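Residue numbers (the UniProt record's numbering), protein chains in the order written: chain C, 1 to 159; chain B, 1 to 159; chain H, 1 to 159.
Hints are computed from structural coordinates only; laboratory data are not their basis.
Errors might be hidden in some of the hints.
If several chains are the same, the list does not tell them apart, and a pair holds so long as it fits within one copy or across any two.
Each computed DSS-like pair below joins lysine-lysine, with the alpha-carbon atoms no more than 30 Å apart [what the hints assert, rightly or not]:
no. : residue 1 : residue 2
1   : Lys89     : Lys71
2   : Lys96     : Lys130
3   : Lys130    : Lys5
4   : Lys96     : Lys5
5   : Lys4      : Lys89
6   : Lys96     : Lys58
7   : Lys4      : Lys71
8   : Lys116    : Lys63
9   : Lys80     : Lys58
Note that the structure is a prediction, hence the values are computed from the model and not measured.
Residue-level listing of the chains:
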Amino acid sequence: MTEKKRTTIVLFSGDYDKAMAAYIIANGAAAYDHEVTIFHTFWGLNALRKEEEIEVEKGFIEKMFAKMMPKGADKMGLSKMHFAGFGPKMIKNVMKKHNALTLPQLIEMAQEQDVKLVACTMTMDLLGLKEEELLDNIEYAGVAAYLADAEDGNVNLFI
Amino acid sequence: MTEKKRTTIVLFSGDYDKAMAAYIIANGAAAYDHEVTIFHTFWGLNALRKEEEIEVEKGFIEKMFAKMMPKGADKMGLSKMHFAGFGPKMIKNVMKKHNALTLPQLIEMAQEQDVKLVACTMTMDLLGLKEEELLDNIEYAGVAAYLADAEDGNVNLFI
Amino acid sequence: MTEKKRTTIVLFSGDYDKAMAAYIIANGAAAYDHEVTIFHTFWGLNALRKEEEIEVEKGFIEKMFAKMMPKGADKMGLSKMHFAGFGPKMIKNVMKKHNALTLPQLIEMAQEQDVKLVACTMTMDLLGLKEEELLDNIEYAGVAAYLADAEDGNVNLFI
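For reference, chain C alone in the conformation it holds in the complex (with noise of 0.2 Å):
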């Protein structure tokens, strides 16, 4: 019995096309058949918020946090390029000539590959963000459980 080849990534940014790197690489890796793990932390926590509006109890600073961040995949912004928002639209309209995958889609394609979602549970809590704000069927762990996977990973990456 061969063990499987293992790839873990923390997605940090939440700039959309690095998190598009880490789903790309990561759904890559699944189909090379490693075992995979994506531990969003800090920014790309916001890669998991829900869309819609979730009513959740919060505290002032908190309420500022989760206006001022993206709600969701679809509304990250490019790393670079913004042109007072016009970047983000022509990489879109770009990946949608060629047939690319957007991100929620990436993420939705890891998830069917059972890329393992894990949430940053301690930038959770600094960040203000709950369990219910976040996509259903992910994991909540710490920088633990991050080690755990990637002391025996093959290919381990920070983003």
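With the hints as your guide, set chains B and H onto chain C.
Structure of chains B and H alone, referenced to chain C:
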């Protein structure tokens, strides 16, 4: 027979300083007899662009991307301290003063040391970049080829 | 005798939140008995700067760099959500509310856990930083030393 150690770098960033870091690590690893691959994706592809204008057929959006993105390693900006373009110039002056290698020189050295420079075909397609516009003697591949190199890698980085 | 697991982090970024992520992973890995190295290069060196003004001989450009770069971990900005400096303050308030460790506290904890903190001599040279300006009890090395640690690393990250 001992197997060679292996280093792979995904160069996602289009920043001069991050690309420098990538190429310094790559050249160091090659000097220590690692097999080294730099997989250029998204904005990192700009490091591989030729400086001169190359005539290729492009659609409107592809032409805009081509205009907006830096043409070659020497034109890339800094990740920090832009100060209206003052930062990159200052860094380059400082580098000259310290006889540090410039990014184009680091890329040339990498090619001499047989570092495998790969351009990501999927993002070339998205950004409308053609092979004629990129440096000679590089390879073209997708995420599967990257993963094949990385899964046996000793040092795998995403920059 | 089992060999210790090993984690290495290149801290390239000068952002408070990214440095926090680096030190949280490093402290976690040290707690799980990994040998841990953080190699501070480029803007990541700012995390190691002493807060007080240190008198050292500098040229004009080096003085400008010294002025423009944050003096120590506590002065670093966020990678996202600056809002004219409002972001970092909000994050720090939230951290205090949740009793989360600040970056200076995380660095101190790393030193207590024998995480090896290394300053990249090549970029110290470029940015004009002197040993006297950096924290005590750190090491000074170049890319070769980093690679020697990383090539046997279980978890190698570039942040």
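Now for the hints, and whether the structure bears them out:
In this homomeric assembly, Lys89 and Lys71 come within 30 Å of each other (Cα to Cα) both inside a single copy, at 17 Å, and across copies, at 22 Å. Taking the closest pair of Cα atoms, Lys96 and Lys130 come within 30 Å of each other only across two copies (19 Å); inside a single copy the shortest separation is 32 Å, beyond that limit. Proximity of Lys130 and Lys5 under a CA criterion of 30 Å is satisfied in neither setting, with 32 Å inside one chain copy and 34 Å between copies. Taking the shortest Cα distances, Lys96 and Lys5 never come within 30 Å of each other, neither inside one copy (33 Å) nor across copies (40 Å).
Taking identical chains as interchangeable, the C-alpha atoms of Lys4 and Lys89 are never at most 30 Å apart, the minima being 39 Å within one chain and 44 Å between chains. Taking the closest pair of Cα atoms, Lys96 and Lys58 come within 30 Å of each other only across two copies (17 Å); inside a single copy the shortest separation is 37 Å, beyond that limit. In the homo-oligomer, the alpha carbons of Lys4 and Lys71 never lie at most 30 Å apart, since the shortest distance is 35 Å inside one protomer and 41 Å across protomers. When the C-alpha separation of Lys116 and Lys63 is checked against a cutoff of 30 Å, the pair qualifies only within one copy, where the shortest distance is 28 Å, while the shortest distance between copies is 39 Å.
For the homomeric pair Lys80 and Lys58, the shortest alpha-carbon distance between copies (22 Å) is at most 30 Å, but the shortest distance inside one copy (32 Å) is not.
The structure fails hints 3, 4, 5 and 7 (numbered hints given earlier, in ascending order).
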